[in-house]
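The whole structure should be built from the sequences, with the hints applied where relevant.
Below, each chain spelled out in residue letters.
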Amino acid sequence: MGDWVTQQLPALLILVPFTAAPFAYLLGAGYDRQTALLSAALTQPLAAFLALTVVQEGPVRYAIGGWGGPLGIELAADGFSATMVLVTSVVGLLVTVYGLRYFGDLERYRFFWPLWLFLWGSLNALFLSADIFNLYVCLELVSMSAVALVGLTLRREALVAAMRYMLAAILGSLFYLLGVALFYGAFGSVDMATLRETVRPDVAGQAGLALMTAGLVLKTALFPLHFWLPPAHSNAASPVSAVLSALVVKGSFFILVRLWIDVAQPEAFPGASVVLGVLGSSAIVWGSVQALRQERLKMLVAYSTVAQIGYLFLLFPLASGGGQAASDAWVGGIFHAVSHALAKSAMFLAAGIVLARFGHDRLEGLGGLSRRAPVTAMAFGLAGVTMMGLPPSGGFIAKWQLIKASIGSGQWWWAVVVVAGGLLAAAYMFRVVGPFFAREAEDLDDSDLDPGPSPVTMDGAALALALGALVLGVAGQPLIDLIMVGAPALVAGVTP
Amino acid sequence: MVSQTDLYTLAGALLFVIGLYGIITRPHLLHKILALNISSAGVFFVLVGIARRVPGPTPDPLPHAMVLTGIVVTVSSTAFALALAKRIYTDTGVAVLDASDIEAEERTGG
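Respectively, the protein sequence lines represent chains H and V.
For the first sequence, the residue numbers in the working numbering are 1 to 496.
For the second sequence, the residue numbers in the working numbering are 1 to 110.
Be careful, since some hints might not be right.
[What the hints assert, rightly or not] Label pairs and their in silico Cβ distance ranges:
| hint | chain 1 | residue 1 | chain 2 | residue 2 | range |
| --- | --- | --- | --- | --- | --- |
| 1 | V | 65 | H | 154 | 31 to 39 Å |
| 2 | V | 34 | H | 450 | 42 to 50 Å |
| 3 | H | 275 | V | 93 | 41 to 49 Å |
| 4 | V | 72 | H | 282 | 23 to 31 Å |
| 5 | H | 360 | V | 86 | 25 to 33 Å |
| 6 | H | 4 | V | 7 | 25 to 33 Å |
| 7 | H | 19 | V | 34 | 44 to 52 Å |
| 8 | V | 72 | H | 7 | 28 to 36 Å |
| 9 | V | 93 | H | 437 | 27 to 35 Å |
| 10 | V | 82 | H | 489 | 42 to 50 Å |
| 11 | H | 196 | V | 82 | 23 to 31 Å |
| 12 | V | 54 | H | 457 | 55 to 63 Å |
| 13 | V | 61 | H | 224 | 38 to 46 Å |
| 14 | H | 57 | V | 56 | 24 to 32 Å |
If you are wondering where the hints come from, they were derived from the structure by calculation, not from laboratory data.
Fair warning: this is a prediction, and the values are worked out from it, not measured in the lab.
Even for Gly, the Cβ is constructed at its ideal location relative to N, Cα and C.
As C-alpha cells, this is what we get:
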C-alpha cells in the first residue's frame with residue numbers, strides 16, 4: 001500500500017482534487033464543503049509525502065498510464081516542483097478551512113468549491129509537468145478557474161476585473177503557445193529534459209524563448225504588465241484573493257524559472273536576464289509606491305503583490321553567472337516565493353475577516369482594530385514582518401540570500417534594490433499596522449457592523465499562515481534542502 | 001527559396017499580429033474576443049506548418065495533436081469569455097472594460 005502510494009504520488013496529487021471537483025459540484029449544497037475539505041485533507045499529506053520522497057530518494061519521474069515520451073505525458077518532480085506543490089497544499093488546506101465559514105452555505109457561492117478544487121489540481125499539474133506543451137494546457141486550466149473565481153461574487157467591479165484578467169491571461173497563453181510552436185519546430189521536442197540538451201540560441205530559439213517569456217511575464221503581472229492584477233486580486237472574494245496572490249502568479253513564474261534556469265542557459269541569451277531584473281526592480285519600486293497611496297486595505301495588499309513579484313525576477317540576473325552566487329540566488333528566489341505565499345495569503349484572509357465583520361476595508365476607518373479583532377490584527381501584523389523582510393522571518397532569509405548572491409556575483413546594485421524594497425515595504429506596512437494597534441484610535445465606532453468576535457477557524461487560518469512564514473525564518477533549513485534537490489546544473493553550486 | 005513551412009509560419013505570425021492589434025485597439029468586448037480568436041488561428045497556422053518539417057510525404061502528427069488540444073482550449077475559453085461579456089453587458093448596459101472607452105466606442109461607430 002505504502003509503495004503503491006509512493007509510486008503513484010504525482011498522479012494522485014492531480015487526481016484527488018480533479019476527482020473531488022465534479023463531485024463538489026454534483027453533490028451540491030451541504031456536501032460540497034465536505035468534499036472540498038476531504039480533498040484538501042488528502043492532498044496536503046500527499047504533498048508532504050512527495051516532498052519527503054524527493055528529499056530522500058531524489059527527483060521523481062512518472063509516465064501517465066505507463067505511456068512514456070515522446071507520445072505519452074510524463075510528470076516530473078524535483079525539489080523546486082515539490083516545494084511549490086507543498087506550499088500550495090499548506091495554503092490550500094488553510095484557505096479551505098477558512099472558506100468553510102467564510103462562504104457558509106450561501107447559494108451564490110456554491111461554485112467556489114468545484115472551481116477552487118479545479119484550480120488546486122491544475123496548479124499541481126502545472127508544477128509537476130515535464131513538457132512545455134503540457135505546461136500550456138495547465139496554464140490555461142489555472143487561468144480559467146482563476147478567472148471564474150474572480151467573478152464569483154457577481155459584483156459589477158469583480159466581473160469587469162475578471163474580464164480584464166481573462167483577456168490578459170488568454171493573450172499571455174497565446175504568446176506562450178507560439179513560443180512552444182517555434183521551439184518544437186526548431187528542436188523537435190517539447191520535453192524539457194530533451195530540450196535542455198538541444199536548445200540553441202539561434203533565431204528560432206531566441207524568438208521562441210522571447211515569445212514564451214513575454215506571455216509568462218504578462219501572466220505573472222510583472223511591471224509594466226501588471227495592470228490586470230490589482231483590480232482582479234482586490235475585487236475577488238478574500239479566500240480567492242489569497243489563492244491568486246499566493247499561488248496563481250507563482251505558476252507562470254515557475255515556468256519562467258524552468259525555461260531560463262533549467263532548459264535554456266542564461267549566458268546563451270545575454271542581456272535578457274538583466275532586462276528581467278530591471279523590470280523586477282521597477283516592479284518593487286512602483287508597486288510599493290502605489291501601495292503607499294491606496295485607501296483600501298485589499299488594494300494596498302494587491303499592490304504589495306505587484307512589488308513582491310519583483311523580487312522573484314532578481315533571480316534571473318543573479319543566477320546567470322553560475323557558482324555559489326547562483327546557488328544563493330536560487331534558494332533566495334524560491335524561498336521568497338514560498339514565504340510570500342504564506343504571508344500574503346494570511347494578509348488577504350485577515351482582510352477578509354475585517355470586510356466580513358465591519359463591512360468595509362477603508363484604511364482611515366480601521367484604527368484601533370486590535371481591540372475589536374485582536375487575532376486578526378495580529379495575523380496581519382505578523383505577516384507584515386515577512387513582507388518587510390525583518391528577522392526572524394522567511395522574508396528575511398529570502399532577502400538575505402538575494403543580497404548574498406548580489407555581493408557574491410559582483411552585482412551589488414541588486415542588493416540596493418532589495419534593501420530599498422524592504423524599506424518601502426516597511427513604510428506601507430506601518431501605514432496599516434500602526435493604526436491597527438494605536439491605543440487611542442477609535443475609528444471603529446458602534447455604527448460599524450460587528451457580528452464579532454471573528455470566527456475562530458478564520459482567525460486561526462490567517463494566524464497559522466502568518467506564523468508559518470515566521471517559522472521559515474528560524475527553521476528554514478529543511479526547505480532549503482528540499483529546494484536544492486535536483487537543482488539545475490547552473491545553480492547546483494558546482495563551479496563550472 | 002521560401003519553404004512551405006516558412007510561408008505558413010509567416011502567415012501565422014501575420015494573423016497573430018492582426019489579432020493582437022485588435023485586442024489592444026478595439027474597446028468592444030466582442031471585438032476583443034474575436035481578435036483573440038484570430039490570434040489563436042495564427043498560432044495554429046504556425047503549428048500546422050511545422051508538421052511539414054519532417055522529410056517525406058507523411059507530416060509529423062504531433063503538432064496536429066497540439067492544434068486539436070489548442071482548439072478545444074480556445075473553444076472553451078471563448079465560450080466562457082462570451083458568457084462573461086454578456087453578463088457585463090446585462091449589468092452595465094455596455095460591453096466595454098472601461099467606462100471611458102464608451103466615447104471611443106461611439107466615435108468609431110462600433
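Quick rundown of the hints versus the structure:
1. V/65 - H/154: 31 to 39 Å: Since the Cβ atoms of residue 65 of chain V and residue 154 of chain H sit about 37 Å apart, the hinted range of 31 to 39 Å holds.
2. V/34 - H/450: 42 to 50 Å: The hinted range 42 to 50 Å holds for residue 34 of chain V and residue 450 of chain H, with Cβ atoms some 49 Å apart.
3. H/275 - V/93: 41 to 49 Å: holds, 42 Å
4. V/72 - H/282: 23 to 31 Å: violated, 37 Å
5. H/360 - V/86: 25 to 33 Å: With Cβ atoms ~31 Å apart, the hint holds.
6. H/4 - V/7: 25 to 33 Å: The hinted range 25 to 33 Å is violated for residue 4 of chain H and residue 7 of chain V, with Cβ atoms some 52 Å apart.
7. H/19 - V/34: 44 to 52 Å: violated, 36 Å
8. V/72 - H/7: 28 to 36 Å: Given range 28 to 36 Å: holds, Cβ gap about 30 Å.
9. V/93 - H/437: 27 to 35 Å: Cβ of residue 93 of chain V to Cβ of residue 437 of chain H: about 45 Å, so the range 27 to 35 Å is violated.
10. V/82 - H/489: 42 to 50 Å: holds, 46 Å
11. H/196 - V/82: 23 to 31 Å: Between residue 196 of chain H and residue 82 of chain V, where Cβ atoms are some 40 Å apart, the hint is violated.
12. V/54 - H/457: 55 to 63 Å: Check passed, 58 Å falls within 55 to 63 Å.
13. V/61 - H/224: 38 to 46 Å: holds, 40 Å
14. H/57 - V/56: 24 to 32 Å: Since residue 57 of chain H and residue 56 of chain V have Cβ atoms about 43 Å apart, the given range 24 to 32 Å is violated.
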